[in-house]
Amino acid sequence: MTEQTAPMKQTEPNAPTERFPGWDWDDPDTLATRLDAFSELVATCDQLEARPGALPHDHTDFRELGITGIEFAAFRTAHPEGLGTDLATLRSPVAATEPGTLYRVDGDRWFTRLDISEPLPFADASVDWVYAEHLIEHVTLPVAVGWLREARRVLRPGGVLRLTTPDLARYLVGYATGDGFLAKHRRRLTTLGFGPPMPDRPAFLVNQIFRHFGHQWIYDLDELRHVLTLAGFTPEQIRHCAYRQGLRPDVADLDTAFRTDETIYVEADR
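Numbering (this note's numbering), first residue to last: 1 to 270.
Hints are computed from structural coordinates only; laboratory data are not their basis.
Computed from a predicted structure; not experimentally measured.
There's no promise every hint is true.
[Unchecked claim] Distance ranges between label pairs, derived from CB positions:
| id | residue 1 | residue 2 | range |
| --- | --- | --- | --- |
| 1 | A50 | A183 | 14 to 22 Å |
| 2 | D24 | G66 | 26 to 34 Å |
| 3 | G158 | D200 | 42 to 50 Å |
| 4 | H57 | P80 | 18 to 26 Å |
| 5 | R63 | K184 | 42 to 50 Å |
| 6 | A203 | D29 | 17 to 25 Å |
| 7 | D222 | R244 | 35 to 43 Å |
| 8 | T260 | D222 | 19 to 27 Å |
[To be verified] Distance condition first, Cα-Cα at most 20 Å in a straight line; then the derived EDC-like pairs of lysine to aspartate or glutamate:
| id | residue 1 | residue 2 |
| --- | --- | --- |
| 9 | K184 | D167 |
| 10 | K184 | D261 |
| 11 | K184 | D200 |
Ideal placement from N, C-alpha and C gives every residue a C-beta, glycine not left out.
Given only the sequences and the hints, what does the whole structure look like? Please build it.
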């Protein structure tokens, strides 16, 4: 499942379980199959136009297309100068994306399919920014480090990488202190309509961030610093940020509001 997809809003915060037949929060593996199917349903657009030729390769190619950066896990980036990417297939009523091809989505955004477990098909120092919201937790630690190393490679000097991901510390502090975070987060997800209400058991609310949604590894600030350092960034280049605050306002503005309560925001400079 690509977590870039926002949940459907429901009109009643406490919608009955009957709205979600067969949904069992205590069965992560079965839910993963359902969520994968849901992701396929939402990976749609009105129009897909394939651009002839190869993908943009270097900084000049990107600039000629008006692209300054890459947003990962985004079928349709909100950045007007961004290239959206995702592993999943994006479909229009008459077409579907194929790897290795650049597409114009609905006439005003660029998209290509990429697998972050593989080297990026771009030259060194190609783009000015890289953004990924709630992506890194979906891959194993070795894949994460390899992808971050590639992100650093394609960034131009002075460029910025911005990551957001669920904050392990927020969950564990909420569990250990009973500060109300877990209950508030549960209510937030219910209001957003992301399935029926979750169980209110504290242990479940911690476990779900590890076991649901295809998550592989959950980070706190120190763990993010660790993988970024392994990828080649220096400690001085890494900083903890706040929601929609960062080196480049146009990139920080890609943060989505519905994730703020659980999210940690980190940037790394090239």
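Now for the hints, and whether the structure bears them out:
Under the hint 14 to 22 Å, the C-beta atoms of A50 and A183, about 48 Å apart, miss the expected range. For D24 and G66, the Cβ-Cβ distance of about 46 Å falls outside the hinted range of 26 to 34 Å, so the restraint is violated. At roughly 47 Å, the beta-carbon separation of G158 and D200 lies within the given 42 to 50 Å, and the hint holds. At about 22 Å, the CB distance of H57 to P80 agrees with the hint of 18 to 26 Å.
Taken as a hint, the range 42 to 50 Å holds for the pair R63 and K184, whose Cβ atoms sit roughly 44 Å apart. Between A203 and D29 the beta carbon distance is about 18 Å. The supplied range of 17 to 25 Å therefore holds. Range check, D222 to R244: about 23 Å between beta-carbon atoms, so the 35 to 43 Å window is missed. As the Cβ distance of T260 to D222 is approximately 21 Å, the hint placing it in 19 to 27 Å holds.
At roughly 15 Å between alpha-carbon atoms, K184 and D167 fall within 20 Å of each other, so this suggested pair holds. For the proposed pair K184 and D261, the alpha carbon gap of about 9 Å is at most 20 Å, so the pair holds. Between the alpha carbons of K184 and D200 the distance comes to roughly 10 Å, so the proposed pair stays at or under 20 Å and holds.
Going through the hint list in order, the structure does not satisfy hints 1, 2, 7.
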